[in-house]
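*Asks:* Chain by chain, the residues:
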Amino acid sequence: MKNYRKELWFNTPNRMDFINITHLIRECLKDSGIKEGLILVNAMHITASVFINDDESGLHHDYKKWLEANIPHEPLEHYRHNDTGEDNADAHIKRQFMGREVVIAVTAGKLDFGPWEQIFYGEFDGKRRKRVLVKVLGE
Amino acid sequence: MKNYRKELWFNTPNRMDFINITHLIRECLKDSGIKEGLILVNAMHITASVFINDDESGLHHDYKKWLEANIPHEPLEHYRHNDTGEDNADAHIKRQFMGREVVIAVTAGKLDFGPWEQIFYGEFDGKRRKRVLVKVLGE
Amino acid sequence: MKNYRKELWFNTPNRMDFINITHLIRECLKDSGIKEGLILVNAMHITASVFINDDESGLHHDYKKWLEANIPHEPLEHYRHNDTGEDNADAHIKRQFMGREVVIAVTAGKLDFGPWEQIFYGEFDGKRRKRVLVKVLGE
Chain A
5 MKNYRKELWF
15 NTPNRMDFIN
25 ITHLIRECLK
35 DSGIKEGLIL
45 VNAMHITASV
55 FINDDESGLH
65 HDYKKWLEAN
75 IPHEPLEHYR
85 HNDTGEDNAD
95 AHIKRQFMGR
105 EVVIAVTAGK
115 LDFGPWEQIF
125 YGEFDGKRRK
135 RVLVKVLGE
Chain X
5 MKNYRKELWF
15 NTPNRMDFIN
25 ITHLIRECLK
35 DSGIKEGLIL
45 VNAMHITASV
55 FINDDESGLH
65 HDYKKWLEAN
75 IPHEPLEHYR
85 HNDTGEDNAD
95 AHIKRQFMGR
105 EVVIAVTAGK
115 LDFGPWEQIF
125 YGEFDGKRRK
135 RVLVKVLGE
Chain Y
5 MKNYRKELWF
15 NTPNRMDFIN
25 ITHLIRECLK
35 DSGIKEGLIL
45 VNAMHITASV
55 FINDDESGLH
65 HDYKKWLEAN
75 IPHEPLEHYR
85 HNDTGEDNAD
95 AHIKRQFMGR
105 EVVIAVTAGK
115 LDFGPWEQIF
125 YGEFDGKRRK
135 RVLVKVLGE
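Protein chains in written order, with the numbering used here: chain A, 5 to 143; chain X, 5 to 143; chain Y, 5 to 143.
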């Protein structure tokens, strides 16, 4: 059994941002030399997500609009978490909607994906350096 | 270490539908010959889900009602993604709520489940052939 | 390849409650003797969650407030599932928002976590004994 681990760092220009990281995960998988197994990709921070969906800017706009309408950033005093001096309570809730992690099958050395699947880093409290963990298990 | 892979195809009669696929996943597990490990079951399409919950028609009605009330299909022009000619922006958002995948423990050759756990394919943009991936890793 | 399995039991005093189970999962991992691999932690019941977020009481209040505002317990007759004699339809929906399971990387015998990651049992229909499953795969 082989295993592989890598951290990827991101720093988004906006509070809420989605970054396509599929090519970086493919590089990790290639580096791992693993041909059959599972790959876990997770946000290491609790106001960020890793999720799989479409790389279409209109859809990303729709996600942001839905999240902001249903889990608004303001008013800050709406959230008790913000009484601690933070302003990111909404980001913790948004991340639960979009998910912490994805687990992807590795088959014949490739991400075993449907035609439109792309991996995104989802940031809900950005403008600072945060990490994603990649772990591959297999042979 | 052993691994196993299979694709399952579905074509639902309605735009939004839930199909109990537990028996199909049990067949995959039996075919795999794997006794201890993990099984990943994921939608290969980005407007569909795989999730675990109860096989009760009233509950499925409640899920659909909640999803449609909170992430409505119409008006189509409410979503920028639909400017691309698609009409399924809501389906991409609904799938994030219900989840892309489940990871299930395999113990003594069986799905290691609580008393009510059942696996569902969740379709949010149906009436066409779409796939679920099953990958088992273990020994 | 090694594997390890354990069930953890919980009985929360309130209908909706979050319990930090990180130290219990660390004990399981130590017992397993596994140094490199993946650990799956999932609710075995379909009205409960396992999720990773912050151990901050204000945030937990915010989660409960958001969930109750958006997926209310009452009126019971709002949900068709409750026609079966249950009163927990909302709990099934809340659990989908918070998620069934987490998959965590195991590196050098430890949970491979970012600085604030903590594992919680999330209960949405409590006041009775329910289980969490821990499965570790690796070597």
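I should point out that these hints are in silico values taken from the structure, not numbers from a laboratory.
Treat the hints with care, as some may be off.
Because identical chains share one entry, a pair is satisfied inside a single copy or across any pair of copies.
[Unchecked claim] Only pairs whose alpha carbons sit at most 30 Å apart, straight line, appear in this in silico DSBU-like list of lysine-lysine:
id, residue 1, residue 2
1, Lys69, Lys131
2, Lys69, Lys114
3, Lys131, Lys39
4, Lys34, Lys69
5, Lys34, Lys68
6, Lys68, Lys10
7, Lys69, Lys6
8, Lys6, Lys131
9, Lys6, Lys134
10, Lys69, Lys39
11, Lys68, Lys6
12, Lys34, Lys10
Every value quoted in this text rests on a predicted model; they were computed, and no experiment measured them.
*Asks:* For every hint, state whether the structure bears it out.
*Replies:* We went through each hint and held it up to the structure:
In this homomeric assembly, Lys69 and Lys131 come within 30 Å of each other (Cα to Cα) both inside a single copy, at 19 Å, and across copies, at 28 Å. Proximity of Lys69 and Lys114 under a CA criterion of 30 Å is satisfied in neither setting, with 33 Å inside one chain copy and 38 Å between copies. In the homo-oligomer, the alpha carbons of Lys131 and Lys39 never lie at most 30 Å apart, since the shortest distance is 36 Å inside one protomer and 34 Å across protomers. Proximity of Lys34 to Lys69 under the C-alpha cut-off of 30 Å is found in neither arrangement, the shortest distances being 36 Å within a copy and 44 Å between copies.
Proximity of Lys34 and Lys68 under a CA criterion of 30 Å is satisfied in neither setting, with 32 Å inside one chain copy and 41 Å between copies. In the homo-oligomer, the alpha carbons of Lys68 and Lys10 lie at most 30 Å apart inside one protomer (28 Å), although the nearest pairing across protomers, at 34 Å, exceeds that limit. For a Cα distance limit of 30 Å, the shortest separation of Lys69 from Lys6 qualifies neither inside one copy, at 42 Å, nor across copies, at 44 Å. For a Cα distance limit of 30 Å, the shortest separation of Lys6 from Lys131 qualifies neither inside one copy, at 35 Å, nor across copies, at 41 Å.
When the C-alpha separation of Lys6 and Lys134 is checked against a cutoff of 30 Å, the pair qualifies only within one copy, where the shortest distance is 27 Å, while the shortest distance between copies is 32 Å. In this assembly of identical chains, Lys69 and Lys39 lie within 30 Å of each other by CA distance neither inside one copy nor across copies; the values are 39 Å within and 42 Å between. In this assembly of identical chains, the alpha carbons of Lys68 and Lys6 never lie at most 30 Å apart, being 38 Å within a copy and 41 Å across copies at closest. With identical chains, the CA atoms of Lys34 and Lys10 are at most 30 Å apart both within one copy (12 Å) and between copies (23 Å).
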